[in-house]
Amino acid sequence: MLKLQDVRFSYQGTDVLRGIDIEVAGSEVVGIIGPNGAGKTTLLNLISGVIKPSTGDVLINSKASAEYPPSERARLVAVAPQTPPLPEWYKVIDLVLMGRNAHLKLYDWESKNDHEIALNAMHMTDTLQFADRAITTLSGGERQRIVIAMAIAQETPLILLDEPTANLDIAHQSKVLGIVADTQRKRQGSVIIAMHDLSLAAQYCDRLIMLAEGVVHADGSPVDVLKPEIISRAYDTEVIVMRHPTTGSPVVVGVRK
Amino acid sequence: MPNAKLEIPPVKASYPWNRVIGGIASLILIGFLASSIGSVDIPLLQSVKIVINKLPGIELPTSWSNEWETILWQLRIPRVVLAAIVGATLAMSGATYQGVFRNPLADPYLIGVAAGAGLGATVMLATPLGNLMSITTFLPIAAFVGALLAVFITYSVAKNTGGLPITTLILAGVAVSSLMAAATTLIMMLGDDDLRPILSWLLGGFIEANWTKCALTVIYVLPAAALIVIYGRVLNVMQLEEGHANQMGVNTERTKFLLILGASLATAGAVSFSGLIGFVGLIAPHAVRLIWGTDYRTLIPMAALSGAGILIIADLTARTIISPTELPVGVVTAFFGAPFFLYLLRRGIRFGL
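Line by line, the protein sequences are chains R and U. Using this note's numbering, you'd call the opening residue of the first sequence number 26 and step up by one each time. Using this note's numbering, you'd call the opening residue of the second sequence number 3 and step up by one each time.
Don't take each hint at face value.
Each computed EDC-like pair below joins lysine to aspartate or glutamate, with the alpha-carbon atoms no more than 20 Å apart [stated by the list, open to error]:
no., chain 1, residue 1, chain 2, residue 2
1, R, K77, U, E244
2, R, K130, R, E141
3, R, K88, R, D46
4, R, K116, U, D297
5, U, K258, R, E97
Covered, in the sense of this in silico footprint (three residues per stretch, anywhere, with C-beta under 8 Å from a C-beta of chain R), are these stretches of chain U [to be verified]:
no., region
6, 228-238
7, 244-254
8, 294-301
Far from chain R, by Cβ distances over 10 Å, these chain U residues were calculated [said to hold, decoys possible]:
no., residue
9, E61
10, P63
11, S65
12, E71
13, I143
14, T170
15, L205
16, C216
17, T322
Note that these hints are calculated values from the structure, not bench results. A virtual CB, placed ideally from N, CA and C, is assigned to each residue, including glycine.
Chain U on its own, in the form it takes in the complex (with noise of 0.2 Å):
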């Protein structure tokens, strides 16, 4: 027996707090950075004390203008508090049904769910339907119902056909995509309202962001989150062939119903209050594994974190870079994103690069 000077690895024993709080804090340091550039700058450290001006109980000296803490509080930093949420969720979902579906290419985007739920959405803002109930508090209930349409066509068709199940997996995605998308057309003509409103939410962005749409993606958010957190270690012990997870006492059959409940829950509470936004839910994770390896319990959080960053950066890109006007922000993570996910493809596809 080789016995001598094993290398024995050390016990992983608790969750990677030192890792989540120096995300969380480069988190922050971004956030304070993009509030502060735009049409108007306001010097970070001003920035710091509006914000905290704003914590209950602290009253500092006012040393800025009231036009600077209307622009910093009722715009920029709502925009940039839900860039973050979407970017984490973005990410988040990609990684659960990377995991899920054991592919490195699936994204929220690529497999059609963000398209379900858009057109679920759409089915809400231009019918009569929507006239019904308050509008955006229930839009990510519809948003749910058309992803879980969509996740549910791509994965059935992906499951049956045997043979090549990563791109398989994808085609169906690029086929339930591009019918969603007809169909979400097809309902804007067929309605005669005013169609500006879908146009410019089916485009995606956060250029109409406030603090009730942060509040009311959190809500759809956090449950989802929560879960898939939880799933952290059994979504490791998934990644072994189905039948040997089972046979490691892993209930795959309800683990994959639940994270795609999950993972598809928070897809459309993204997508209701942001468009579409392509890409976050690939870069962010694969990021992550090649820094930290592939412990989903790791992967979960800290890709969430990066998707946040990644959006953040995407959206202060999209506003400043031909200002005065506007880009998208998907238009930006695509410029980004599809090269990264060609790489991928030539590179080979594997997990964790």
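So that you can see chain R by itself, here it is in the shape it has in the complex (with noise of 0.2 Å):
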């Protein structure tokens, strides 16, 4: 589905990403993890073809994504970008029907069927009871629920959701997270998750990627991922790894100095 090949990107002389290779087959939950400025965000972008890389390929089922028309990279690959600018005054159900602008022609309406979907996706996102609300009267987490709600209806076989999580409450994390990561597996498409939240992202992802300055500085399960020392030297700080006491998956902490 997805191939990085010896990706690099550099941006106003400064190389963001040196040498990226990974590969998404089948059905995965990839975390893409690391400190500030390692190029997660550069990442996503570049897969999802709004941005080229200075060298390399970034390939979508063997064709370079920048190279696809938009409509057609759009019925593969959806976004749900960290808080993006979203119009004042459109009501909330009329953005998420957005979503399935690239599976209409032009002079299309959206169906009745189109309406389902959106509707779904914003019950999987806990938002429909916002359905007919305009955007400027919700809060940041219940607008980054909408772009993430956006994202789903575009009915996708690989999601990228960058930092979905940042302005959500704790309840709302592990829904929608959950949520994602199981419509894709039901599909038997992957989402690929940039975040922050170590924990979180061993808690829900089958496979964890750490970039820090501008390499895969580790890459496999998260236990294999989430290691002190592999932490210590990406992040450059102290850290002390326990295991979550039901499901086992690794809990990250930082240590006070």
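Join the two chains into one complex using the hints; note that each chain is given alone, in its own frame.
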């Protein structure tokens, strides 16, 4: 499905990514982790084709992502950016219906089926109760869930989430991550989630890819990646790794200096 | 889950025909009212009869004078129709520029497109170039070139500054407008021909309206209107941040290019036969947003109908308020439009108000 080969990306003379190789096949929930400025968002933008790699290839189904016509690519990859500006005064339902754009012809109106898909995506993200409200009336976390609902409504084999939990309370963090992961597993698709919270990533992802200084620092199961020595080197700080008392997944906590 | 009693909005699945038909009906009524009023008042019913009598295959018993028929059919109705076409065009183009630039203050007049079209048309009228071709037919093409030049300069300046793009676009538009107007004046002064036709044309108005001008304007406006209406739903998605719209499957570059081309062609067609008329493209779309919301599929046709009504009434005001002298219609639209623009600025610039 997705293959990155020796991907490099420079922006204004700075090397953001310096040779990335990643392959995502089958149905996986992949977490992209790493310190601030490691290139997580850049990586997602390269996959969604809004930017092109300086060298190397970003391939979706063996074709360069940036070479796809946008509508065809949007039927393969959906993106929920981190806190994108949303047009004010549109109703929530209208925004989520925009997720159906790639499935509609220019002059088509959304069908009943499109409405059902949109309403279902809103049900999943717990935003159905806002359907008829204007975006201006919503909080940051509510907006974030709507952006995720837009991506779910796109019904793609690959969903990219950029910091989906940054503004969410603990209840919605686990609900949203769990639902996106389940939905994509059911579709035999994948999710790639860029996030800061290592313990949360460990709970919901099958695989973690740790970026640091523009390269893949570690890639594997949460247990293999979240080891104190690996984290310490990437983040340049001391951490303690424990086990979650019920699930056994790694829980990472910092050490007060 | 708070699942009890959710207000699920009904499915909007088709074109807002009832609104469009209601709008057209009101427009016809306004048109007949405006045609009946003037230095010679013609009863509304007689006006309707005269027009119906003109329809193919209908012969009504004549109950009106030839003078009325001439005034109505040769002067007032073409004038009202041209005002309607131009008003609809400016409103549609304004709404389109607002959508493409994601800027509620965009208006063909304010972003310099109208002045650019004016320059293009002046080059055609005042230089030997004009003698080579049939002037009226090809005037809009020269205006189109000027309009595109203006929108290109305004947009590339505003795009590259970052910062506050909403005001930057308008500031760039002001500068481009001044430049285009200066070039227009220069060309006029250099040409030693009679300046009066150009001057009266630049002031804007429908005094010299006739059926040929109506038909020519429609030829340029109609393809642009079709394109813009078809893109209504995509124009909604374009209101997202550009990268986000692209990730939703919109070819943003191509959409912007086509819509700017369409709106500029329509503006050029309108400006060529009416001169420079400001603010209709600002007032009509915002009024429609207030009433029916921001969905561009409704906004574009309803703004066009409102723009048509507004300009018919503005033109009626222009020719009757200090009769027998006629005001340029641009003066009337500026009297209402400029305060409205200031109101939008003060209110804090937001889409949908």
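Verification of the supplied hints:
no. : hint            : in the structure
1   : R/K77 / U/E244  : holds (16 Å)
2   : R/K130 / R/E141 : holds (18 Å)
3   : R/K88 / R/D46   : holds (16 Å)
4   : R/K116 / U/D297 : holds (10 Å)
5   : U/K258 / R/E97  : holds (19 Å)
6   : 228-238         : holds (count 5)
7   : 244-254         : holds (count 9)
8   : 294-301         : holds (count 4)
9   : E61             : holds (41 Å)
10  : P63             : holds (46 Å)
11  : S65             : holds (47 Å)
12  : E71             : holds (42 Å)
13  : I143            : holds (27 Å)
14  : T170            : holds (17 Å)
15  : L205            : holds (37 Å)
16  : C216            : holds (28 Å)
17  : T322            : holds (38 Å)
Hint check: no violations occur; every hint is consistent with the structure.
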